[in-house]
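Q: Below, each chain spelled out in residue letters.
Number of protein chains: 2
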Amino acid sequence: MQYQTIRGFRASFLDAIADPFYVPEADCMRYLNDGLLVVEDGKVKDFGDYNELKNRYTDISITHYPDRLIVSGFIDTHIHFPQTEMIASYGEQLLEWLSTYTFPTERKFADRNYAQEIAAIFLDELLRNGTTTALVFTSVFPQSTDAFFEEAQRRNLRMIAGKVMMDRNAPEFLQDTAESSYLETKQLIEKWHKRDRLLYAVTPRFAITSTSEQLSNAGKLLAEFPDVYLHTHLSENVKEVESVAELFPESEGYLDVYDRAGLVGERSIFAHGVQLTDREFARLSEAKSAIAFCPTSNLFLGSGLFKLEKAKSSETPVKVGLGTDVGAGTSFSILRTASAAYQVAQLRSQKLSAFQALFLATLGGARALCLGDKLGNFEIGKEADFVVLDLRSTPIMALRNKPFDQTIPHTLADISDQLFATMIMGDDRAISATYIMGELAHKA
Amino acid sequence: MQYQTIRGFRASFLDAIADPFYVPEADCMRYLNDGLLVVEDGKVKDFGDYNELKNRYTDISITHYPDRLIVSGFIDTHIHFPQTEMIASYGEQLLEWLSTYTFPTERKFADRNYAQEIAAIFLDELLRNGTTTALVFTSVFPQSTDAFFEEAQRRNLRMIAGKVMMDRNAPEFLQDTAESSYLETKQLIEKWHKRDRLLYAVTPRFAITSTSEQLSNAGKLLAEFPDVYLHTHLSENVKEVESVAELFPESEGYLDVYDRAGLVGERSIFAHGVQLTDREFARLSEAKSAIAFCPTSNLFLGSGLFKLEKAKSSETPVKVGLGTDVGAGTSFSILRTASAAYQVAQLRSQKLSAFQALFLATLGGARALCLGDKLGNFEIGKEADFVVLDLRSTPIMALRNKPFDQTIPHTLADISDQLFATMIMGDDRAISATYIMGELAHKA
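Residue numbers (our numbering), protein chains in the order written: chain A, 1 to 444; chain B, 1 to 444.
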């Protein structure tokens with residue numbers, strides 16, 4: 001695409017420039033009460049205090065959002081587009097939930113037109129919720145992956161996705177083979193990886209539904225295409241972990257199954273990790289892999305409580321992003337996801353601050369996806385995907401988050417308090433607008 | 001108030017006529033695809049299939065809600081009106097949360113005008129969320145209780161409330177005395193109990209903030225006014241339970257503190273009960289007391305997972321209603337509360353069906369408040385408080401809950417599925433309208 005535009009956005013701004021799990025919040029978070037973001041050709045050209053910058057940009061068009069907070073676009077590090085319509089399916093934990101609801105639904109995605117229709121709804125719903133980048137499971141059918149990438153390309157989105165690989169322990173109508181999954185994935189990588197803003201992830205569903213041969217082929221693809229991603233599930237549910245141990249008796253734990261196939265590296269993102277052992281956290285840390293923490297899903301399926309403080313330890317730090325995991329997750333909203341993450345922390349007698357949650361949703365997610373140089377905050381040169389937040393989008397939020405008295409300097413603590421309430425109570429209504437590469441992509 | 005009206009409502013209807021925790025759902029739930037509810041003088045005069053009833057009511061005005069599901073008004077069995085503005089306060093578990101956020105906020109309710117202003121916002125927010133009856137903590141200041149009842153009376157609501165009694169372990173500005181709390185409560189009972197639809201609950205905050213003398217005075221009030229309620233907190237948090245054990249060394253557990261003061265009876269409602277022992281469940285069952293299950297609060301404060309299956313056992317059944325527990329609860333919505341209740345069940349490897357949740361929110365809540373003869377379903381003679389639900393109130397809910405094909409008979413399982421999705425994903429937007437005694441009280 002061609003950009004030859006320069007324009008400005010004036011509002012309050014908040015972004016993270018370092019990780020508040022390790023660095024004091026005052027040193028991580030940039031808050032501009034009255035800021036100016038200048039976007040040229042889709043990227044951040046300048047960013048700072050409005051009064052300091054305005055004289056340099058007297059001749060550009062400036063969109064002003066008074067009483068709004070602009071943050072970097074949300075990043076969803078784990079979601080399934082074919083499960084959009086089966087969100088909130090009743091009464092099962094992981095393995096039964098897959099066989100009862102998921103597999104029959106995913107079958108429909110053999111139909112290219114149907115896949116395209118749902119992909120469009122899915123992407124629009126992400127934008128409605130302020131999510132600008134996601135790491136996405138498609139289905140086993142390569143035509144569904146094509147459909148997804150086409151719709152993402154049409155919207156100029158930075159999206160990472162891949163065809164699901166699964167060659168056992170699933171209905172026959174959903175199975176590929178070790179060989180066909182290798183060939184189809186290879187074709188899709190060649191077709192879509194790095195096309196516009198799109199990136200490819202080699203996507204075996206999880207150890208239970210892949211033979212060792214298929215996992216090895218996934219590893220072979222990663223070796224052949226060293227800058228594609230690996231995206232799969234890991235240690236979500238107790239029964240799942242037991243089943244993996246039975247299927248791979250030679251492996252030393254669940255992560256080791258992937259490790260033996262060459263799937264554990266810097267560009268590998270593992271969804272869930274609820275049941276991980278300390279040794280597995282250490283291995284993920286060593287390999288610089290990432291975990292997608294999916295709290296609404298973990299609560300909805302009763303999978304358990306992710307040990308975020310283990311991933312965010314000083315000893316074995318592991319990159320973490322937030323994932324909605326729709327359709328086991330119950331909302332497309334990263335705000336709702338952050339609220340569930342807070343509940344998980346509280347149930348473990350841990351704390352999760354608003355700034356820590358915002359970090360996970362933006363720069364932390366970007367780093368988990370090895371996109372920290374392109375996304376996650378308003379550093380000059382980054383891609384200008386951002387969200388205009390309304391902290392007062394319902395009557396009760398308006399009561400709770402009173403407008404700041406502009407005559408009194410307000411602090412990072414003030415904005416932390418209001419952002420926290422917005423995470424706990426907010427939803428799609430809190431997203432006034434979503435911008436992609438500086439262009440309006442959704443307006444409430 | 002005077003009613004001399006008769007009018008009808010046509011829509012789909014769903015109500016519970018028995019308890020689906022004990023009786024097969026097909027025998028509990030009444031679903032009318034095309035039903036007619038006839039209301040006269042605020043009460044249900046007739047209810048049944050539209051085609052069967054319509055010829056009897058040819059001359060009345062009928063409001064038709066096509067593609068809407070009407071259910072009985074939601075009942076919130078535990079909520080604090082003075083905490084409306086401090087919802088979503090960050091980072092503490094129960095005892096620190098009280099001292100850091102709650103007590104300073106409740107201090108403002110010494111101001112009668114302020115109390116009235118917040119009471120109005122609070123009640124409108126309940127109606128916006130489809131809640132038509134609630135059991136409500138006011139503050140220690142009797143003028144805040146007056147303010148609350150006045151606003152509830154103005155809206156013709158069936159509300160139960162009481163002045164908080166607390167004479168120790170709280171800031172001095174929030175303390176009454178054993179004697180003053182007795183006298184003030186007595187005056188309030190005489191003024192408000194059974195006035196229009198209002199009812200009074202004797203309301204010691206919890207064992208930690210009341211002396212034995214104050215609890216005894218609460219018991220004395222219950223003896224003097226046998227049809228008022230008792231409303232307090234019980235066994236929410238581990239540290240709270242430990243603290244109660246230290247403060248009342250002579251008691252055999254937390255519930256026993258209340259029992260010794262004569263506070264454990266059929267009209268007693270205890271909020272939380274997360275940490276209850278089996279013996280305490282048995283005692284509550286024997287006494288016919290009720291528990292308000294407040295899952296969004298229990299998750300937000302990290303209090304723990306309520307053992308609903310213990311309360312709903314055959315051996316020691318205990319009445320249970322849902323409570324939002326705003327401001328520790330994070331939403332006024334009973335739908336959101338039901339969603340959290342489902343998560344709690346899943347984390348305990350239990351199930352909670354949509355119909356069970358609807359029962360807790362309607363007839364179960366009514367029975368917990370000893371109002372099963374007046375509220376909770378569409379039985380003839382009951383008060384006509386009801387909610388018009390939109391099962392397709394967001395784009396993703398519209399995708400998930402497709403309109404039924406009217407050419408194919410749809411089943412209780414179909415409506416269960418859509419109601420479940422509405423509970424998991426729905427919020428105030430799912431409430432198209434709320435009616436009080438057959439009169440429109442809120443319209444989306």
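Don't take each hint at face value.
A pair holds if it fits inside one copy or across any two, identical chains being indistinguishable in the list.
Simulated crosslink set (DSBU-like; lysine-lysine; CA at most 30 Å straight-line) [what the hints assert, rightly or not]:
no.: 1; residue 1: Lys108; residue 2: Lys307
no.: 2; residue 1: Lys239; residue 2: Lys45
no.: 3; residue 1: Lys239; residue 2: Lys307
no.: 4; residue 1: Lys443; residue 2: Lys402
no.: 5; residue 1: Lys351; residue 2: Lys186
no.: 6; residue 1: Lys108; residue 2: Lys402
no.: 7; residue 1: Lys108; residue 2: Lys351
no.: 8; residue 1: Lys194; residue 2: Lys108
no.: 9; residue 1: Lys307; residue 2: Lys351
no.: 10; residue 1: Lys186; residue 2: Lys402
no.: 11; residue 1: Lys351; residue 2: Lys239
no.: 12; residue 1: Lys43; residue 2: Lys239
no.: 13; residue 1: Lys288; residue 2: Lys186
no.: 14; residue 1: Lys288; residue 2: Lys402
no.: 15; residue 1: Lys239; residue 2: Lys54
no.: 16; residue 1: Lys220; residue 2: Lys54
no.: 17; residue 1: Lys194; residue 2: Lys443
no.: 18; residue 1: Lys288; residue 2: Lys108
Since the hints were made in silico from the structure, they are not lab data.
Q: Hint by hint, say whether it matches the structure.
A: Going down the list of hints, with the structure as the test:
| no. | hint | result |
| --- | --- | --- |
| 1 | Lys108 to Lys307 | neither (36 Å within a copy, 39 Å between copies) |
| 2 | Lys239 to Lys45 | neither (50 Å within a copy, 53 Å between copies) |
| 3 | Lys239 to Lys307 | both (18 Å within a copy, 22 Å between copies) |
| 4 | Lys443 to Lys402 | both (23 Å within a copy, 25 Å between copies) |
| 5 | Lys351 to Lys186 | neither (43 Å within a copy, 43 Å between copies) |
| 6 | Lys108 to Lys402 | between (47 Å within a copy, 16 Å between copies) |
| 7 | Lys108 to Lys351 | between (42 Å within a copy, 28 Å between copies) |
| 8 | Lys194 to Lys108 | within (28 Å within a copy, 58 Å between copies) |
| 9 | Lys307 to Lys351 | both (12 Å within a copy, 24 Å between copies) |
| 10 | Lys186 to Lys402 | neither (53 Å within a copy, 37 Å between copies) |
| 11 | Lys351 to Lys239 | both (28 Å within a copy, 17 Å between copies) |
| 12 | Lys43 to Lys239 | neither (46 Å within a copy, 51 Å between copies) |
| 13 | Lys288 to Lys186 | within (25 Å within a copy, 66 Å between copies) |
| 14 | Lys288 to Lys402 | neither (42 Å within a copy, 44 Å between copies) |
| 15 | Lys239 to Lys54 | neither (59 Å within a copy, 54 Å between copies) |
| 16 | Lys220 to Lys54 | neither (53 Å within a copy, 71 Å between copies) |
| 17 | Lys194 to Lys443 | within (28 Å within a copy, 49 Å between copies) |
| 18 | Lys288 to Lys108 | neither (36 Å within a copy, 51 Å between copies) |
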